[in-house]
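Top to bottom, those sequences are chains A and B.
Heads up, the first sequence is in this note's numbering, so the first residue is 1 and it goes up one at a time.
Heads up, the second sequence is in this note's numbering, so the first residue is 1 and it goes up one at a time.
Because the hints were derived from the structure by calculation, they are not lab data.
Each statement offered as a hint is correct.
Result set (DSSO-like, lysine-lysine): computed pairs, CA atoms no more than 30 angstroms apart in a straight line:
| no. | chain 1 | residue 1 | chain 2 | residue 2 |
| --- | --- | --- | --- | --- |
| 1 | A | Lys211 | B | Lys141 |
| 2 | B | Lys117 | A | Lys232 |
| 3 | B | Lys178 | A | Lys110 |
| 4 | A | Lys180 | B | Lys141 |
| 5 | A | Lys211 | B | Lys356 |
| 6 | A | Lys322 | B | Lys434 |
| 7 | A | Lys322 | A | Lys406 |
| 8 | B | Lys264 | B | Lys227 |
| 9 | B | Lys141 | A | Lys183 |
| 10 | A | Lys121 | B | Lys296 |
| 11 | A | Lys349 | B | Lys50 |
| 12 | B | Lys50 | A | Lys292 |
| 13 | B | Lys266 | B | Lys232 |
| 14 | A | Lys322 | B | Lys50 |
| 15 | B | Lys320 | A | Lys176 |
| 16 | B | Lys228 | B | Lys264 |
| 17 | B | Lys296 | A | Lys176 |
| 18 | A | Lys121 | B | Lys224 |
| 19 | A | Lys121 | B | Lys264 |
| 20 | A | Lys180 | B | Lys320 |
| 21 | A | Lys406 | A | Lys443 |
| 22 | A | Lys211 | B | Lys97 |
| 23 | B | Lys50 | A | Lys304 |
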Amino acid sequence: MSPPRRGYLNMVAHSELDQVPREKILNQQGYSSCSKENVAVNDIQEPEEKICHQNGSIASIPTKLTTSASGDSLPPAKKIFHKKEEDCSLFVAFFTFLSYGVLLLVGYVKEFFNPPSTKEKNREGYVPLYIGFESFYTRNVYRRIQDCWNRTICSVPGAIIDLMERTTPDYGWTMKLTGKIIKCINVGSYNYLGFAENVGPCHDAAEETTKTLGVTTCSPRLELGSMEIHQKLESLVAEFLGVDDAITFGMGFATNVLNLPSLLGPGCLVFSDEFNHASLILGLRLSGATVKVFRHNDAQDLEKKLREAIIYGHPRTRRPWKKAMIVVEGIYSMEGSICDLPNFIRIKKKYKTYLYVDEAHSIGALGPHGGGVVDYFAADPKDVDIHMGTFTKSFGAAGGYIAGSKDLINHLRVTSHAQIYAASMSPPVAEQIITSMATIMGKQGDGEGERRLNQLARNTHYFRRRVKHMGFIVYGNDDSPVVPVLLYLPAVTAMFVRELTNRGVAGVGVGFPATKITGGRMRFCLSAAHTKEMLDKILEEVEEVGRLCGCRYSTAVKNPEPIEW
Amino acid sequence: MASQWNVYESFQALLQAGPYHLALEGVLVLCIIWLFTAKKQPSKLVRLTKKEEEELIAEWMPEPLVPNPPPEDHPALHTRTVYGKAGKYLDLGKGEKLLNLGTHNYLNFGERPEIEKAALECLHTYGVGSCGPRGFYGTTKVHLELEERLAEYFNCEMAVLYSYGFSTSASAIPAYSKSGDIIYADEMVNFILQRGLQASRSRVVYFRHNDINHLEELLEEQVKQDKKDPRKANATRKFLVVEGIYMNSGLMCPLPELVKLRQKYKLRLFIDESITFGTLGKNCRGITDHFDVPMKEVDMIMASLETSAASTGGFCVGTKFVIDHQRLSGLGYCFSASLPPMLAATSIKVVDILEKEGGDLVAELQDKCRLMNNKLKGLPSKVTVTGEDISPVKHLRLVDSSEREVEEQILRDIAEKAENYGVALTVSSYLWDKEANPPKPSIRITVNKDLTEDEVEKALDAITKAVTDILG
Chain A
1 MSPPRRGYLN MVAHSELDQV PREKILNQQG YSSCSKENVA VNDIQEPEEK
51 ICHQNGSIAS IPTKLTTSAS GDSLPPAKKI FHKKEEDCSL FVAFFTFLSY
101 GVLLLVGYVK EFFNPPSTKE KNREGYVPLY IGFESFYTRN VYRRIQDCWN
151 RTICSVPGAI IDLMERTTPD YGWTMKLTGK IIKCINVGSY NYLGFAENVG
201 PCHDAAEETT KTLGVTTCSP RLELGSMEIH QKLESLVAEF LGVDDAITFG
251 MGFATNVLNL PSLLGPGCLV FSDEFNHASL ILGLRLSGAT VKVFRHNDAQ
301 DLEKKLREAI IYGHPRTRRP WKKAMIVVEG IYSMEGSICD LPNFIRIKKK
351 YKTYLYVDEA HSIGALGPHG GGVVDYFAAD PKDVDIHMGT FTKSFGAAGG
401 YIAGSKDLIN HLRVTSHAQI YAASMSPPVA EQIITSMATI MGKQGDGEGE
451 RRLNQLARNT HYFRRRVKHM GFIVYGNDDS PVVPVLLYLP AVTAMFVREL
501 TNRGVAGVGV GFPATKITGG RMRFCLSAAH TKEMLDKILE EVEEVGRLCG
551 CRYSTAVKNP EPIEW
Chain B
1 MASQWNVYES FQALLQAGPY HLALEGVLVL CIIWLFTAKK QPSKLVRLTK
51 KEEEELIAEW MPEPLVPNPP PEDHPALHTR TVYGKAGKYL DLGKGEKLLN
101 LGTHNYLNFG ERPEIEKAAL ECLHTYGVGS CGPRGFYGTT KVHLELEERL
151 AEYFNCEMAV LYSYGFSTSA SAIPAYSKSG DIIYADEMVN FILQRGLQAS
201 RSRVVYFRHN DINHLEELLE EQVKQDKKDP RKANATRKFL VVEGIYMNSG
251 LMCPLPELVK LRQKYKLRLF IDESITFGTL GKNCRGITDH FDVPMKEVDM
301 IMASLETSAA STGGFCVGTK FVIDHQRLSG LGYCFSASLP PMLAATSIKV
351 VDILEKEGGD LVAELQDKCR LMNNKLKGLP SKVTVTGEDI SPVKHLRLVD
401 SSEREVEEQI LRDIAEKAEN YGVALTVSSY LWDKEANPPK PSIRITVNKD
451 LTEDEVEKAL DAITKAVTDI LG
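Assemble the whole structure, with the sequences as input and the hints as a guide.
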């Protein structure tokens, strides 16, 4: 794919048509042709970028250009950005419950006749270490389909991965590597911008840093673990996000868990989205603050609950809250939805609360400049009090950051657990982040960063629209590179993953308990490293497997426009 | 399987009961429902008018996000910068390199070329990041190999790898211990373990530092309580959490006695070996190796790879029954991206080296530790040094007690002074208001295996000078 240049977008799109088997798509799907221009790409010369929704309505999302013209005004906030996802039919829901019921029933019968041995060696008379439904579920449901997870790879997690084939001699109790290697297109890793590479500038820089700085500091930041590279990284992150300062940590999960307790305490109120990541939930629990959960991405529900909480104060002491915080994510990794930031900012300002946005998946992957959900909505970075994100995904490294005002970051430098008790970030990892971030910012790489952002945006629109056209229920926003395809039944989810692997596509299936019972899904994570040919191959296989499984449940009216990359 | 029979029997009993009985039961059930629903009807909340609501909202003045931002001159905001590799010597930008008595690379693996080579080789194959959690294509061959090697090295069935030292024990403990369980922990356990204890929501009972008798007293007390309520006791798991060598004191735990108590009171023994991994025992395996305690006596060993192993991350080893549970219940394992493969590769190399020459390395390190210990005894009487003679971590504390801030400042001055004499020291950093039992402020002195006798001499000279300069 040659990088599309600004102003030539339409031309590029049309010249692509020769390569796209357009006739094939049209004939197969029976679409009626439509002469609408391809608009679903990032063209920052246009003041507004139009995105066609499935139902044909057009949502406008102002790009950075409009804000620079009109100051820090926000997009029309009252409008509800998040739309309700399509539900499955009662019929499917019934069979999903039934299939879990059958699995559990079989489990109960089996364990009645053949009780599992929970006896440990050398620990006679001990209270069992773990019991209960959870391990029953693991033994009887998860075990049957566990080959769909924890797969071993032996290559860089780029666009193509080498999967090590496994077999199970005993119905999933143990897995053995066969030694065979399967080449697959990778739609499982969070490699949004394709920086997971073992060649190229990032790799070279990391290599050089390993040679000069070693792989570790063996000391926390506050003692003798601060290197120049850490300071360089932090100032770059602050510049990238457009905030005063930033602080970085060696692990993304720990960034949430170890810093939320420094910001909140008993007497504080937190509104947490119901689908927030486990690290946020754990961090909030450790902080001792009162946590209330609002419906996923539902600003109205949040506002209602927030009003009530502020008006009536602490339920036990009846005193006003010390402070209140709204905790949301940029892109929800299981839902593929983008957070309704404009409305959250409006609510935050109106009710004097603070806003914590976890951009683990959105940073780099969203927005015309890769600046995450703040960039996507062209919001003022200062309106988000706490920017949090990870370097694992778009930057192909590891670790996390928190960015915001000088006071906030200074406070964290002094009180963050990770600063004081955990070793500082490994230098080559920091170097990978610096190089990839500089590339995204256009500081190096001759427009490579922009090319990748463009490629990801186009891949996302193309892939999402085509999967929807096939009749699958697809969750999430049209601009989100996380594409969950709903399959509901656990057996179908497992079959989908296995069949796709057999056909050379490595994706991720998710089911209960990671989702609700009627929420089994297959998740595709798109990447800038995917070429259109790869996407076509994936789509072809997905369609085929979808036909085999009979899981194209969507009843929505299909958008008749032709789908161009 | 008892519960199935209970359900079946109660169903049978229901069938045998007469219609009057059933009717009476029905009425009772209705009464209960009525009680529950009726309670909810009178709303406790006073309904306010819209205007009143708006006023209340406008009136509410929350605290600022950061109520007390630290002053600009807070020492934590002006950390020293390390230039170049952290080895036996550290470059703190002072012109000459300083002797490193501050970082945790006891075995000086950061300077071994074969480890760097292993990292680079892995980098050429896998790149830097793993781009996913272990469940979703984040498991590479390197991770599996490291887990296998660690398990083998510790003579255990299984090992599990975490991507951050802090998250290792902080995730492992709450995977087993839940609310209602009891954890006995030494009062000196490091902050990471304390976080793990807190996250478990169990009842935490601290016993005095290394005081076996106190622990036994507490256990006896619990036995008495258990006798009163045997049903509850049968559902309460009991854990014992200790460190091999305590990060906060430099002392070793009396493992053989602890093992006896474990057997007697049916505790599950978890040991944090972050300092002892690679530094104790004839095979370098740590505290169990040192005391020749078989691995089956210990339920789980947790260790960070950020100390002697000179990498990032951490691991737990134990039986398959114990460890496998973490793969679905260890939050830091399930929900975090896996360790960058190149960092796992260096750890494999470390295990290689430990297997091959571990005994010599430990002997060498312990010689240096003893030497350092003897020399430190000769320091001016205004400071004291604690720590086992063979421990690579020692704490230098002031004899005179004063306010914590004052003590800390004095120690910081000493460390700064020592820099002028060519030695890099660090004051151990703590979150004072969050530590369960905050220790007295100290300078944490670490011993590097590659120190020569002259260098130890020089270090001592420098510390003595710095101490006399500051304390007179």
